[in-house]
Each structure stands twice: as structure tokens, then as C-alpha cells.
Amino acid sequence: MAPALCANCKTERALIKRPKNHAKLCKGCFIKLFEDEVHHTITSSQLFYPGEKVAIGASGGKDSTVLASVLKTLNERHGYGLELVLLSIDEGIKGYRDDSLETVKRNAVQYGMPLKVVGYDELYGWTMDQVVEAIGKKGNCTYCGVFRRQALDRGAKMLGIKHVVTGHNADDVAETVLMNLLRGDLARLSRSTSIVTGDSRSEVKRSKPLKYAYEKEIVLYAHYKKLDYFSTECIYSPEAFRGSARGLVKQLERIRPTAILDIVRSGEDMARLVPGETSSSCACKGQTSAVMALAEDDIGGCGSQTGRARGDEMAAMDKQLRENEAHEGLEIDVAKAMAKNQKDGGQKHRELPLRSGDGPSKGFARQVLRNCKRCGYMSSQEICQACMLLEGLNKNRAQIQI
Amino acid sequence: MEAEPVVAGSLTRPCVKCHAQEATLDSRSQPVCRDCFTKFIATKCIKQIGILGKETRPPPSATGSGPAQGTRRYLLGLSLGVSSTVLLHLLNENVEFQLARGRNAPFDLVVVHIDHTQPTTTPTPPSTGPHQPNPTTTTPASRALDPYRRRYPRFTFHCIPPLPSHPYHPAAPHLDSLNSSSSSSSSSSSSSAAASAAASRTDIRRLLTRRALLAAARAHGCQALLLGHSTTALAELTLAEAAKGRGFALPWLVRDGPAGVAVGGSGGGSEESGRAEESGNEANEVPVLVYHPLRDALRKELVTYADLVGIADLVADRHPSHQGNGNRNGTANGTANGPAAVVSHRDLSIEDVMARYFADVEENYPSVVANVARTTGKLVRLEDAGGGRCGLCGLPLDEGGDERWRGELGLGAPARIGNGERESRLCYGCERSTAG
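Chains as they are written, first to last, in the UniProt record's numbering: chain X, 1 to 402; chain A, 1 to 436.
None of these hints come from the bench; they were simulated from the model. Incorrect hints may appear among the rest.
Which residues of chain X face chain A? A few of them, derived with a C-beta cut under 10 Å, are [claimed, not checked]:
| id | residue |
| --- | --- |
| 1 | Lys27 |
| 2 | Thr41 |
| 3 | Ala134 |
| 4 | Gly136 |
| 5 | Arg265 |
Some residues of chain A that are not near chain X, with every Cβ distance over 10 Å (derived) [as the list claims (entries may be wrong)]:
| id | residue |
| --- | --- |
| 6 | Leu11 |
| 7 | Pro31 |
| 8 | Lys39 |
| 9 | Ala105 |
| 10 | Pro106 |
| 11 | Pro140 |
| 12 | Arg150 |
| 13 | Thr238 |
| 14 | Glu241 |
| 15 | Lys300 |
| 16 | Leu308 |
| 17 | Val353 |
| 18 | Asn364 |
| 19 | Ser367 |
| 20 | Thr376 |
Here a beta-carbon is modelled for each residue, glycine too, at the ideal position from N, C-alpha and C.
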């Protein structure tokens with residue numbers, strides 16, 4: 001049997017079956033197509049402007065390494081005129097970051113990009129190891145995630161940069177869509193799929209140019225480009241809805257490879273169906289509209305999660321919901337009851353008899369963007385999540401010291 | 001869930017609801033007795049039926065077409081699974097209860113099972129109506145209906161094939177394979193293709209079942225189609241449709257209300273409905289409503305209920321559509337045999353994956369399941385998103401979304417099926433399922 005030829009160039013021998021659509025490609029064509037697709041994402045969403053200073057959130061992992069490599073390539077090939085900088089966060093986890101930071105340092109040399117490393121200790125006065133010591137292994141990923149998101153912004157600010165790109169891929173986005181469906185969190189669902197997060201009011205905007213790239217293809221790209229990346233699981237392994245959703249995404253991908261993009265598509269469409277949400281998630285039309293996601297709500301987690309674990313978070317939510325149900329019968333939404341009397345439209349009737357407590361009328365007060373009173377980071381609350389978490393941590397530390 | 005021995009005179013674990021009987025069951029983490037449990041399930045159902053009753057209150061004056069004046073008329077999609085069987089049982093109880101009190105029956109009920117083992121191309125003279133039971137054809141499914149007929153003589157039962165294939169129907173080749181290969185070992189050699197094919201087959205079968213039920217509802221002059229989806233089934237449906245790229249259509253599929261589907265359907269069994277659709281003349285018809293009266297009950301509760309009221313034996317788990325690769329009779333949901341221990345992902349459909357997943361979640365975090373279904377119910381239906389209906393699932397097309405998506409991914413023109421006047425477009429999800 002003659003070896004299969006590349007479906008694209010039809011001259012080279014096909015070596016790669018694309019995870020995304022099972023197209024058989026040669027190495028060169030795969031790399032070219034992968035880069036072209038990222039280029040298309042960038043241009044169709046108008047992510048950058050010429051001369052823009054952009055920080056690449058670099059963890060040393062495959063996603064951010066591929067992102068740095070692709071952006072460097074595309075910046076040169078298509079003349080984006082970008083000034084690219086690597087920005088790394090040191091969470092202060094011994095044995096985890098030490099090695100990956102070395103990788104980032106090598107990347108900085110390989111790609112000829114300046115590198116800035118920001119530590120949790122200098123930003124918050126706590127390393128992750130200290131946090132874990134204080135609160136234990138459960139739930140510390142919340143801290144890590146919240147701190148990291150701000151850390152990138154703060155680091156970017158230090159460098160005078162207003163745009164941070166992250167290596168979130170299509171798998172991550174699909175996972176977030178399913179996770180928010182499972183959590184019943186429509187507000188986050190409506191924001192999680194946008195490619196750009198943060199609006200004109202925030203000082204730093206975020207984007208994810210690899211939003212449509214499959215994780216498996218990112219791995220292949222890194223492999224065939226012989227990229228230098230560091231792969232390890234975070235040693236404080238998480239347990240969360242996200243893990244549950246991740247497992248589901250992987251199973252679906254096995255059955256139908258397009259499922260990942262299909263979920264992303266569904267997520268984008270559903271964003272428009274959330275009550276009170278009128279605009280599309282398309283970043284090319286609405287750059288200045290307020291629909292762009294709060295960076296705070298951006299995709300969380302470490303991106304290195306295993307997916308089998310699930311536990312406390314789901315159990316806690318189940319308990320919470322059950323309690324809500326138990327209290328439901330005792331609550332009467334007076335405003336709603338009055339509104340019900342006013343309109344006698346037959347169509348409304350079917351929505352009314354149930355759940356006076358948690359009906360849609362209440363759930364979708366749009367969040368108002370403001371800035372944290374303590375650190376100035378954009379937040380929907382008076383005090384941002386990071387400052388809230390820090391307050392708790394510091395309280396406990398004070399007690400321990402006494 | 002075992003009965004505990006009753007200590008003479010006193011109750012070791014009284015039911016939290018009636019305090020009069022020994023609790024033998026756990027319902028939503030509360031100990032309850034058998035009677036209170038069955039009442040609890042019945043109440044969940046009757047509440048929804050009551051809501052539907054208000055929606056379908058007969059007009060004061062005759063309208064000419066449709067049901068006889070003053071009578072509500074519903075069609076129940078019976079998959080022969082647990083959920084739809086329980087729904088049938090509860091509806092029967094409701095009718096009996098009303099009759100026993102000397103009232104009129106609250107509604108007429110037509111029960112329809114869509115039998116995918118029957119050939120779809122059987123020409124049926126329109127004069128006799130396509131939905132008359134054909135005494136000459138005895139498929140396993142039609143035989144499986146016999147115990148139902150004996151048990152619920154009050155209702156009429158029909159076993160009908162899915163809609164005859166549209167001449168340009170993209171699903172036609174899939175249907176053939178769908179009928180011929182319930183054992184998937186015979187399917188194609190490439191494992192990835194086989195996996196996709198199984199997922200697509202199940203998806204298309206589910207869509208066609210739904211359309212056939214809606215067409216039957218229209219043909220029988222029913223105001224509403226009742227489906228047996230439990231809370232769990234609706235949560236599965238939500239995630240499965242999201243995974244198939246039908247996020248846009250979810251509000252039509254999960255919420256109660258008018259069917260988003262163009263009911264006439266391509267080749268909907270009757271010439272008139274076909275013509276009505278072609279001329280876009282369906283606006284003046286009252287849309288068929290789709291209701292899920294069991295939307296507040298978990299699947300495991302329905303399984304328990306079926307055991308308690310002694311209808312578990314009716315559930316035809318040996319029926320072909322409940323066998324092997326777990327292809328369920330999509331729309332009217334519910335299988336007795338929960339997720340089976342299938343090993344190969346080749347044979348799994350997206351629905352199967354979700355069923356396995358939620359069986360697990362339902363066991364440990366039932367409120368999370370309920371929350372998924374409830375949350376999806378809050379999504380709004382975008383009535384006019386660029387016009388047109390999908391040629392396969394019949395739901396509204398999302399012109400704006402398609403446009404944006406093509407722009408973002410740099411894709412070419414949308415797929416079209418057929419040609420000339422009959423040409424119709426597919427929605428994103430159906431494009432996926434017909435692609436390969």
C-alpha cells in the first residue's frame with residue numbers, strides 16, 4: 001500500500017492525523033495550517049494593533065510556550081508590529097515553579113523576548129506554600145487562581161503593558177462552558193466564551209488567541225516544532241466542577257472530535273440567550289461595549305488539572321441547593337406575586353407556581369463593574385476577590401502568631 | 001431502601017410526611033413511606049398537567065378545526081422506557097380520579113410509539129391516515145404495545161414508523177444504516193468514523209422521532225405533545241445538545257411551550273401539511289405545545305415509582321431500541337437498563353456519555369442535576385434569528401451565529417441540502433451529524 005499523501009500539499013507523505021478533523025497532513029502543512037488558523041483568529045477578532053506592547057502570560061507549560069512561539073512567528077511573518085514580552089508568575093510552590101521558571105527563562109533566550117517574573121510573595125505577602133500551610137490542600141486552587149489572574153495584570157502594569165495574552169485553548173473554553181452549565185451559572189456562561197475579556201475601564205485587557213486551537217494540536221505543534229516546554233501537574237491537585245467537566249470533554253472528543261469546537265459554538269450561542277444579554281460575543285463588533293467579561297470571571301484553574309477528581313465543590317453546591325429547596329416553601333416573593341396579579345396573560349401562568357424564591361426575575365441583575373477599594377483591580381464587588389481572600393488569610397496568620 | 005421490620009405498635013422510622021407509616025424509602029434525603037412517595041411523584045406530574053390544562057383551555061366558541069369542542073387532546077410519546085411509561089400511568093390515574101368523582105375526563109390521550117424498526121418507506125394511502133395501526137405488520141415494538149393496551153384500555157395506542165424520507169433528505173442514508181445496524185460490530189472499519197457514525201445515527205434518530213411525534217400530534221388534532229423526560233433526562237439533553245453544537249436550539253428543546261419545529265415537516269405523512277410548509281403557510285395554525293410533565297422528578301425516582309406501582313414489567317427492555325449500544329428512542333426518554341457496561345467508545349453516542357455521566361451525578365448530587373435543568377429553562381428563545389428552519393431538525397436557524405462562526409473560523413459557505421425549490425439549509429448541529 002502506497003503511503004498516504006498529505007491532504008494539503010499532496011506531495012509530502014502524511015505523518016499527522018489532525019486531532020481536530022482527522023485530516024492527514026505532512027509535518028510542514030500541519031504547522032502552517034495551525035499557524036494560519038491562529039492568524040485568522042487574531043485578524044478576524046482584531047486582537048492587536050500595530051506597535052502594541054503585548055505580554056504573554058508564560059507558565060513554561062505547553063500552551064503558553066506554543067502561544068509565544070506562534071505569536072513570534074506570526075508577528076514576523078505578517079508584520080503585526082507587536083512588542084512581545086514574557087510575563088511569568090511565581091506562585092511560590094517549591095518544586096513546581098522552580099523548573100518551569102527555568103523553562104521560561106530559556107524560552108526568553110530562544111525567542112529573544114524580555115521576561116518579567118512576578119512573585120506572589122511580593123504581590124500579596126504570601127507564597128502558595130504558605131497558603132497551603134494555612135488552609136490545607138483543599139480549596140487552595142481558588143486562592144491560586146484568583147491571585148494569579150491579578151498577578152498577571154499587576155505584572156503587566158509594572159511593565160506599562162495594557163494587553164495580556166494567555167494560552168487558553170479550545171478544550172479549556174469547552175470545559176468552562178460545560179462547567180458553567182453544570183453549575184447553573186448563566187452569568188458566567190455568557191461571558192466565558194468571549195475571546196477578549198476586560199473592557200475599556202480596566203487597565204489591562206486579556207485575550208486568548210488559541211481559543212479555537214485543540215489541546216492535542218498544541219501538543220503536536222510543540223512536538224514537531226521541538227519546543228522547549230515543561231510539563232508537570234500542579235502538586236496541589238484540584239478537585240472541582242472543572243475536573244468533572246474536563247473528563248466529560250475528553251470523553252466527548254473521543255466519540256466525536258469536533259465536539260470541542262461544537263461546545264465552544266454552543267457556548268457562544270447560549271451567551272446570546274441569557275436573559276438580559278443582548279450583544280453577541282463577537283469581539284470584532286463590540287470592542288467598546290460593556291459585554292466583555294470581567295477578567296475576574298475568566299477561565300480559572302491551573303490548566304493542568306487531571307479531570308478525575310471532583311468532590312467538595314459539587315457536594316457543597318448540592319447541599320446548598322438542597323437547603324434552598326427546603327426553604328423555598330417558606331419564602332414568598334411579594335414583588336413577583338404582585339406582578340403576577342397585574343398581568344393575567346395566559347402564557348405567564350406556567351412559570352409561576354414554582355420556586356418563588358429563585359426564579360429568573362431575581363437571578364440576573366447585571367453585575368456592575370467597579371474598582372476594588374483596596375487595590376484598584378476591576379471587580380464587581382466593592383472589594384475584589386483577591387483582597388477578600390487575603391483578608392481571611394491575614395486574619396488567620398495573626399491568630400497563629402499570637 | 002429495604003423495608004425495616006415494624007416494631008409492634010411503634011414506628012422505628014416514621015415517614016416525615018404522614019408520620020403514620022413506617023418510612024421505607026429515601027426521597028430527597030428524607031425518609032418517607034411508600035404512599036407518600038407515590039403521591040409525591042404524582043403531585044409533581046399533576047402540577048405540570050394543571051399548568052398545561054390552563055394553556056389549552058378550550059375556547060368558548062368552536063373553532064372549526066382541531067379537537068371536539070370543550071375537550072383537551074394530548075399526544076403522549078411513548079418510548080416504552082421507564083419515564084414515558086410512568087407518565088402514561090400517572091395520566092391514566094389522573095383520568096380515573098376525575099371520572100371517579102363524576103367529572104369528565106380532563107383530556108383525551110393518544111399514545112404513539114415511533115418504531116424505527118418499521119420500514120420508513122411503507123407507502124400509506126393518505127385516505128386511511130398514516131397513523132392507523134396496521135394489523136399486518138407486527139414488529140417487536142408493536143407487540144410490545146399489547147400489554148400497554150391491555151393495561152390502559154382507555155387510551156388509543158399507535159405504533160408508527162418515522163416520517164417517510166424526504167426525497168432530498170440528508171438523513172436517508174443514515175436511516176438505512178440506522179435500521180440495519182443495531183449491532184454495531186458490523187459497522188465501518190475505521191474506528192473514528194464508526195464512533196462518529198454511532199453518535200450521528202443516534203442524534204438523527206432522536207430528531208426524527210421528535211418530528212414524527214409532532215407530526216402525529218398535528219395529525220391527531222392534539223394540542224400538546226407530552227414527553228416523559230425526567231429532570232435527569234433534561235439535564236442530559238442540555239449537555240448533549242450543547243456538545244452537538246445546538247446551544248442555540250436548547251430553549252426550544254428543554255423548555256415547555258410551543259414546539260419550535262415546523263410541525264408540518266418535510267413529508268410529514270400528510271400531503272396537506274407538506275404543502276402548507278412549502279408555501280410557508282403555517283403561521284395561521286396554532287402551534288403544538290411540547291410539555292415535559294415529569295420535569296421535576298429524577299430518573300431514579302421514576303424507576304422506584306415504576307417498581308412500587310407494579311408497571312416495571314411493562315417496560316420493554318428487550319425491545320430493540322433499548323438494546324445493545326444503548327440507542328434509546330431519543331425524544332420520549334427513559335430506559336430501564338441504566339448505563340450498561342459498554343467498554344468501547346466506538347458504540348457510544350453523545351447521549352450515552354451524558355446518560356452515564358448524569359447517572360453518577362444524580363446518585364451523589366441530585367440537586368446539581370435539578371439545577372442544570374432549571375438553569376437551562378431560563379435561556380430565552382430567539383424567535384427571529386435570521387429566518388428559516390433547519391431542513392432536518394426543523395428548528396429555527398441562527399443566521400447571525402452561523403455568519404459569525406464562519407468568520408471566526410474562516411470557513412466556507414454553509415451546507416445546503418437538495419436543490420432548486422426544495423433546497424433547505426441545515427443548522428450547525430445537523431450539519432455536524434450529517435457530515436460523516
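Each hint tested on the structure:
1. Given hint, Lys27(X) at the interface with chain A, is violated; its Cβ is 21 Å from that chain's nearest Cβ, farther than 10 Å.
2. For Thr41(X), the interface hint holds, since its Cβ comes within 10 Å of a Cβ in chain A; the closest pair sits about 7 Å apart.
3. For Ala134(X), the interface hint is violated, the least distance from its beta-carbon to any beta-carbon of chain A being 29 Å, above 10 Å.
4. Using the Cβ-Cβ criterion of 10 Å, the hint placing Gly136(X) at the interface with chain A is not satisfied: the shortest such distance is roughly 23 Å.
5. For Arg265(X), the interface hint holds, the least distance from its beta-carbon to any beta-carbon of chain A being 5 Å, beneath 10 Å.
6. Under the 10 Å C-beta cut-off, the non-interface status given to Leu11(A) relative to chain X holds; the minimum distance is some 23 Å.
7. No beta-carbon of chain X is positioned within 10 Å of the beta-carbon of Pro31(A); the least distance is around 15 Å.
8. With a least CB separation of 16 Å from chain X, Lys39(A) remains clear of the 10 Å interface cut-off, as annotated.
9. Listed as outside the interface, Ala105(A) is consistent with that label: its C-beta sits roughly 22 Å from the nearest C-beta of chain X, beyond the 10 Å cut-off.
10. With a minimum CB-CB distance of about 16 Å to chain X, Pro106(A) clears the 10 Å threshold, and the non-interface call stands.
11. Separation of Pro140(A) from chain X is adequate, the least Cβ-Cβ distance of about 28 Å exceeding the 10 Å criterion.
12. Non-interface call for Arg150(A) relative to chain X: holds, since the shortest CB-CB distance, roughly 34 Å, exceeds 10 Å.
13. The claim that Thr238(A) lies off the interface is violated: its Cβ sits roughly 6 Å from the closest Cβ of chain X, which falls inside the 10 Å cut-off.
14. Non-interface call for Glu241(A) relative to chain X: violated, since the shortest CB-CB distance, roughly 7 Å, does not exceed 10 Å.
15. With 10 Å as the threshold on Cβ separation, the claim that Lys300(A) sits away from chain X holds: the shortest Cβ distance comes to roughly 15 Å.
16. Distance check on Leu308(A): its Cβ is at least 23 Å (rounded) from any Cβ of chain X, clearing the 10 Å threshold; non-interface status holds.
17. Interface exclusion of Val353(A) from chain X breaks down, the closest Cβ pair being 5 Å apart, not more than 10 Å.
18. Not every Cβ of chain X is farther than 10 Å from the Cβ of Asn364(A); the closest lies at roughly 8 Å, contradicting the non-interface assignment.
19. With a cut of 10 Å on Cβ distances, Ser367(A) falls inside the contact zone with chain X, its closest approach being about 4 Å.
20. With a least beta-carbon separation of about 7 Å from chain X, Thr376(A) fails to lie farther than 10 Å from that chain, contradicting its non-interface assignment.
Going down the numbered hints, you'll see the structure goes against 1, 3, 4, 13, 14, 17, 18, 19, 20, while the others check out.
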